[in-house]
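First to last, the protein sequences are chains A and B. Final position of the first sequence in our numbering is 113; the numbers increase by one with none missing. Final position of the second sequence in our numbering is 116; the numbers increase by one with none missing.
Careful: at least some of the hints might be erroneous.
DMTMM-like mimics (lysine to aspartate or glutamate), calculated; alpha carbons at most 20 Å apart, straight line [unchecked claim]:
hint, chain 1, residue 1, chain 2, residue 2
1, B, K69, B, E20
2, B, K49, B, D85
3, B, K49, B, E16
4, A, K13, A, E82
5, B, K49, B, E88
6, B, K49, B, E64
7, B, K103, A, E54
8, B, K103, A, E53
9, B, K58, B, D85
10, B, K103, A, E51
11, B, K103, A, E75
12, B, K58, B, E16
For the record, the hints were derived by calculation from the structure and aren't laboratory data.
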Amino acid sequence: EAGVTQSPTHLIKTRGQQATLRCSPISGHTSVYWYQQALGLGLQFLLWYDEGEERNRGNFPPRFSGRQFPNYSSELNVNALELEDSALYLCASSSNRYSLAQHFGDGTRLSIL
Amino acid sequence: AQSVTQLDSQVPVFEEAPVELRCNYSSSVSVYLFWYVQYPNQGLQLLLKYLSGSTLVKGINGFEAEFNKSQTSFHLRKPSVHISDTAEYFCAVSDRADTGFQKLVFGTGTRLLVSP
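Between the sequences and the hints, there should be enough to build the whole structure, so can you do that?
Written out as structure tokens, the structure reads:
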């Protein structure tokens with residue numbers, strides 16, 4: 001069984017640009033979570049999608065957004081990039097909204113120059 | 001509000017020695033507790049979880065953890081570590097709302113350094 005896959009592995013952008021990160025959940029999983037792992041800030045919850053809908057978001061500005069497609073894959077978009085957005089972005093999936101097991105991908109490292 | 005405290009940012013230990021990584025939590029509701037491991041340049045892998053029932057939870061790679069409600073702790077232990085256990089370990093807590101939303105709140109992590 002393929003795990004959670006994220007692309008790209010690395011992404012380099014400059015301030016003010018926009019970044020798109022992608023996540024494919026484990027086959028059959030309907031919930032997708034996004035987390036930011038920034039140096040010195042630890043792992044913080046960003047967004048939760050389930051059955052195509054955004055169900056909740058963490059304490060991040062609106063320039064962090066995303067969507068979930070009918071095949072349950074997901075995109076995270078970050079607009080107007082700032083230096084502090086440099087981080088490892090981790091995607092996790094679970095079988096449904098009630099599942100207590102989140103399976104993580106290897107992340108996308110976003111570097112802002 | 002939930003929070004997780006991992007007091008030790010780094011734990012050095014010799015190979016084949018026992019290790020305990022400490023985790024304390026605070027939550028206003030019934031909790032679910034997790035330990036994840038992160039190897040360099042990788043995502044998080046679930047080691048074990050406590051949902052209910054027996055307070056001693058066994059996980060993968062020989063790790064176990066004990067849920068102690070009175071001390072609000074969920075310490076991770078391994079009786080004999082290997083070099084390959086060198087990694088970052090994260091404790092996490094979550095609750096489950098009626099909507100089914102499960103948000104993981106993570107501690108700041110403990111780096112386990114195993115040397116020969």
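Consistency of the hints with the structure:
1. B:K69 to B:E20: 18 Å, holds
2. B:K49 to B:D85: OK: K49 (chain B) and D85 (chain B) at ~18 Å, within 20 Å.
3. B:K49 to B:E16: 24 Å, violated
4. A:K13 to A:E82: 10 Å, holds
5. B:K49 to B:E88: 17 Å, holds
6. B:K49 to B:E64: 10 Å, holds
7. B:K103 to A:E54: 13 Å, holds
8. B:K103 to A:E53: Holds. K103 (chain B) to E53 (chain A) sits at ~16 Å (cutoff 20 Å).
9. B:K58 to B:D85: Within the cut-off at roughly 16 Å; holds.
10. B:K103 to A:E51: Distance ~16 Å between K103 (chain B) and E51 (chain A) Cα, so the pair holds.
11. B:K103 to A:E75: Answer holds: K103 (chain B) to E75 (chain A) is near 19 Å, not above 20 Å.
12. B:K58 to B:E16: It holds: about 19 Å lies between the C-alpha atoms, which stays within 20 Å.
Checked against the numbered hints listed earlier, the structure breaks hint 3 alone; every other hint is satisfied.
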